[in-house]
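Engineer: From just these sequences and the hints, can you work out the full model?
Protein chains: 2
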Amino acid sequence: MTTAQRAGSLTTPTLTGQMIIAGDHVTGTGTAVHAINPATDERLQPAYAHGTAADVARAAAAAAEAFAIYRNTSSAARATFLDTIADNIDAAVDDLVARATAETGLPVARITGEVGRTSGQLRLFSAVLREGSWNGARIDTALPDRTPLPRPDIRQRKIPLGPVAVFGASNFPLAFSVAGGDTASALAAGCPVVVKAHDAHPGTSELVGRAITAAIASTGMPAGTFSLLYGSGRELGIALVTDPRIKAVGFTGSRSGGTALVQAAASRPEPIPVYAEMSSINPIYPLPGALKARAADLGRAFVGSLTLGSGQFCTNPGLVIAVDGPDLDTFIDAAAEAVSATTPTPMLTPNIAKSFAGGVDEFDGAATVVARAAETSAPNACRAALFTTDADTFLGSETLQQEIFGSSSLVVKCRDAQQVRDVTAKLEGQLTATVHADDTDHDAAADLVGLLELKAGRILFNGWPTGVEVCHAMVHGGPYPSTSDSRTTSVGSLAIERFLRPVAYQNVPADLLPTALADGNPKQIWRRVDGELTRD
Amino acid sequence: MTTAQRAGSLTTPTLTGQMIIAGDHVTGTGTAVHAINPATDERLQPAYAHGTAADVARAAAAAAEAFAIYRNTSSAARATFLDTIADNIDAAVDDLVARATAETGLPVARITGEVGRTSGQLRLFSAVLREGSWNGARIDTALPDRTPLPRPDIRQRKIPLGPVAVFGASNFPLAFSVAGGDTASALAAGCPVVVKAHDAHPGTSELVGRAITAAIASTGMPAGTFSLLYGSGRELGIALVTDPRIKAVGFTGSRSGGTALVQAAASRPEPIPVYAEMSSINPIYPLPGALKARAADLGRAFVGSLTLGSGQFCTNPGLVIAVDGPDLDTFIDAAAEAVSATTPTPMLTPNIAKSFAGGVDEFDGAATVVARAAETSAPNACRAALFTTDADTFLGSETLQQEIFGSSSLVVKCRDAQQVRDVTAKLEGQLTATVHADDTDHDAAADLVGLLELKAGRILFNGWPTGVEVCHAMVHGGPYPSTSDSRTTSVGSLAIERFLRPVAYQNVPADLLPTALADGNPKQIWRRVDGELTRD
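Protein chains in written order, with full-length UniProt numbering: chain A, 1 to 536; chain B, 1 to 536.
Please keep in mind that the hints were generated in silico from the structure rather than gathered at the bench. Among these hints, one or two may not hold up.
Derived lysine to any residue pairs resembling SDA-like cross-links, with alpha carbons at most 25 Å apart [what the hints assert, rightly or not]: (1) B:455 - A:74; (2) A:455 - B:72; (3) A:455 - B:392; (4) A:523 - A:513; (5) B:523 - A:451.
Structural biologist: See the structure below:
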């Protein structure tokens, strides 16, 4: 049986429909929901009954109890734990592909790739743990003879914040869900994790939850290090974020959902950080030289990025900003042709498909439709859409500045380079901004980079934003509202810093110091000693 | 004329009573306030008229304009700028000592030391800039032959957030005020600064504001890089925090003031980070072995820390938690004797003195007074106070868990080590926690360190928390409510990270890359290349 065939097998017999709380399988007592196969509108078994505030309290209490042990595990032990989760996920690839394709309507190749990305993220963080710089070790040696006052011995390291709540995203059933980037970075930091699964892929969530739970058992981590809950965002989600034992939150989803969590977290007696990745329209800037050289190729490639995964990426290119003229017309014509030729693909859920259609309808009145994918009777299909408008209209329209989640994009025609700057200045914060430039575009490109640094977390040249490399230098973040906290990233190794805080140890006796700060550097990690980085 | 004599010279003739907005001297049109010499209740000239929302808008606009240039200045240029501010402040030491002692009632030696600390902080950040790790440079090299997809070239650096609002603190007229740690770290990061001066020391603020303005002129920085405003926290302060051009806030002060700013910043259309350092009672843990060896010495030394600067430190030891018994009685007796022997010293302002007296009165009903400093007819004097209570009473009393700003402390007598833990568990977040331990206390100390890491930003052994070393490893921060953001520090070189955010550059042409990320590492800074730190 090939993987493609397995993807047709819609019920994995082992699924229980239960939550996992500190290793225990727990049947919810709330509303029961089923995943829907958006390609067929078929209801998938089993039912997943939502949990209650009592389940949140039980998971949070277990996480707090586990934290006392888990936070003191060695980097090496946590690295082994993360590697084991990764191994378990890789081993479950067939079941995951079968279930996740059914739950999301995403193709087998995409889900197969996402499984690899998810285990790869976990292994990136195990490498980060073994390398050791995450400790943020700093030592200022004592200066007993300094006048007028001696300097004490002061050492600093970073410690985990505490239990973290993670909200699974609809659009990455693996890489931004139960064992996704937020969970991987929080577990690496030493924080237990309580996940609220997304209702769109509960079965995938259960499978991944079991992979983590099995890794906890086989590596001897405390059971409360991980729990998996099902429930609504407004009830169970808010209960989770406002539980006093939860100390940070990771979220990927809508602006309204993220904003609600940020407000709930800020209203707690003890406010906590929320890392919400929310809304981005990811402008594309084809500059005149690039357009002159290859407008039609760019237009076609743009549509490839636009329609990938039914456009359901945080980094989907929803906006093209360029100086008007014949070359831009060529770009638009090629893009329009490509959009018209695309076959509609299912969106993740009926609600997302409905929102997409509504968003496109709203744009329809405010901008010019230049292409739509063909109509289809397939359920929940994303009919790609391409609009154009002029910069003045764009600048005056709140509607056109909104994100449409899915394969819809708007080309904003500007009079000149100054109007490109004016439109850019009006944009809200973005995850990405992409420039297509040739050598002849150097001055315009240099000017744009300066503007875009203030608007986006990642600036790309001559590529497309929909691929997000998992590596050390990646930033998947950006100014509000692309995220609620621009000081960090949710993809890449820097993400571990979201769940850490520094502690200083002053004149603490050698036998009470954390190993990362011990004399002689027994862990052989990079440390900043009297201001200089060293491994001595 | 000696410095001590100059301190008696209450008006520095050059003071104008004006704000400084982007280099212009501007007379406020609001309420006029005078500094009060708290030691004499004398009103000091000149009057400082408060600014209005229009002044905030003007300063913020100038800061935003300056940001476009200032953020792109080189590390070396900003280092020279900071060094020049430091030189100017050192050169003004006589005027600063004269004015600040008059405005605060703090002694000449303290203010002289604080001038040195303030210029030292600025020089620490110039060293940080020259060293270059602040860039957070990371490079993941392209892997063009990787399958299934090539890896692009991705590089990351940190850039400044934008204009920063800084609120001067009452208790450090120099080190946490106009050119204090918040300003130094924000300017180092590349952020223009708009300071709201504290009304308790407007003249000192003006002198320091001029030192910065002169440095801007002599080093060629844009004028809007710095502005100094006078005004009320509730009006001008909130206007400043809610101005859309302001991108982060630094504050040191009361819990109510900090909370108001945090809420205002969170309610903006674009929320921004607030680094508010607020409330801490800084528990002291004399362990049984240490008490047995030197209870009386510890009691006396404790009072030295408690009464330093009339107890007006964020790190003032407001709580002692210990197992009851004869050795603790010896500690209390020695401390009581020392408290009774102290001479009351003036507090910073009449309001602070009134709040202190009110706080002590409230404790008077809830705990046992064991010592007060003598009564005095001197105005605004801080009569040090020492209270005792038992752990059960403490755990049941909200009053006794509050901070009294000033030289008042409470000894909580515990039945046993378990009750020490119970009391500790009940504490809110703290800037510091101090353990006094002998070798025989090893196990109890180890246990405490584990608890205190979760409660405090700095753990000290066998010392006192009131000294805060300015260095690389210092953490002056901690869990809420000691600060509004435990992930950072307001003292020490790590503080620069508060005002930075990461940006990734993907396949950006070499001639458009920031120098910190250029091939060949022309700045010779530490960078993480493919996961490994290197200066190559």
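Engineer: Tell me, in ascending order, the numbers of any earlier hints that this structure violates.
Structural biologist: 3
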